[in-house]
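The task is simple: from the sequences and hints, build the whole structure.
Chains A and B supply the protein sequences, listed in that same order.
Under my numbering, the letters of the first sequence match residues 1 to 157, in that order.
Under my numbering, the letters of the second sequence match residues 1001 to 1093, in that order.
What the hints contain is simulated information worked out from the structure, not anything from laboratory work.
Treat each hint with caution, since some may be false.
Simulated crosslink set (DSS-like; lysine-lysine; CA at most 25 Å straight-line) [said to hold, decoys possible]:
{"hint": "1", "chain 1": "A", "residue 1": "K78", "chain 2": "B", "residue 2": "K1054"}
{"hint": "2", "chain 1": "B", "residue 1": "K1054", "chain 2": "B", "residue 2": "K1091"}
{"hint": "3", "chain 1": "A", "residue 1": "K111", "chain 2": "B", "residue 2": "K1078"}
{"hint": "4", "chain 1": "A", "residue 1": "K111", "chain 2": "A", "residue 2": "K78"}
{"hint": "5", "chain 1": "B", "residue 1": "K1054", "chain 2": "B", "residue 2": "K1068"}
{"hint": "6", "chain 1": "B", "residue 1": "K1049", "chain 2": "A", "residue 2": "K78"}
{"hint": "7", "chain 1": "B", "residue 1": "K1059", "chain 2": "B", "residue 2": "K1078"}
Just so it is clear, the structure is predicted and the values come from calculations on it, not from any experiment.
Read off the chains here:
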Amino acid sequence: MHLEYFHLIDRIAAIDTAARTIAVDAIVPRESTIFEGHFPGHPLMPGVLLIEAMAQTSGWLLIAALEFQRMPFLAAVKEAKMRTFVTPGETLRIDASILHEGSGFAVTEAKIGVGGKTVCNATLTFRHAPFPNPDMRGHMEAMARRIGFPEREMSHD
Amino acid sequence: MSSTFDQIASIIAETCDIPRETITPESHAIDDLGIDSLDFLDIAFAIDKAFGIKLPLEKWTQEVNDGKATTEQYFVLKNLAARIDELVAAKGA
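Here is the structure:
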């Protein structure tokens, strides 16, 4: 994770576009200014960032499902549960699946596990639309390569 | 078996916390019931699931934006129910 750049995913471990599932890995940094405030003497990964990590994971799955032609934007968070603390240095496995694919929107279910135990989960709704401009698509392609997004899923033009 | 209108009225009442008795076939989802686009995604999700269809929201929105259709054609509930019936029939054809 690079919290200062809002990069919350380190690597795609597995993605199955046909099955509409993804699994990613992310390591919570040991040090960050965020932990200086949240909280002094008791550093915790903020719940909103865990939700964002689930959203980014879901987002990459949706980009794959949409053949890299459209960009998903988080629209709603439901049933988000922070089941236990997540602390600096922990390795997260984030899983997401597509619950529903509507017209211009999609609903996903996502969860974060640490050591095989679910620490949080949520149901997320996204709107999706064509990439607003080539710069954003280029940025997302660079991000995709950084996290190991399969090249075969990027070749749709 | 309840009518298509009854089903979508129940979905709207539950999804948007709107009293069921205030929802009529003549109600406009946006103008009368105050449902915004985000809430309508929840309704579309529930309708898609309940009827096994995919409401073509993007197509409808485009038609309204292009002046080829009015919001009444799609968002007055009796008309929405008719569109759903058409989609269900097309799926079964």
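So, going through the hints one by one against the coordinates:
At roughly 21 Å between alpha-carbon atoms, A/K78 and B/K1054 fall within 25 Å of each other, so this suggested pair holds. With a CA separation close to 10 Å, the supplied pair B/K1054 and B/K1091 stays within the 25 Å bound. Under the criterion of a C-alpha separation no larger than 25 Å, the hint pairing A/K111 with B/K1078 is inconsistent with the structure, at around 39 Å. The hinted pair formed by A/K111 and A/K78 meets the criterion: a straight-line CA distance of about 12 Å does not exceed 25 Å.
Distance hint between B/K1054 and B/K1068 is fulfilled; the C-alpha atoms sit about 21 Å from each other, no more than 25 Å. For a cut-off of 25 Å, the pair hint linking B/K1049 to A/K78 stands: about 17 Å separates their Cα positions. Of the supplied pair hints, the one linking B/K1059 and B/K1078 holds, its CA atoms being roughly 19 Å apart against a limit of 25 Å.
Hint compliance for this structure: hint 3 is the single one not met.
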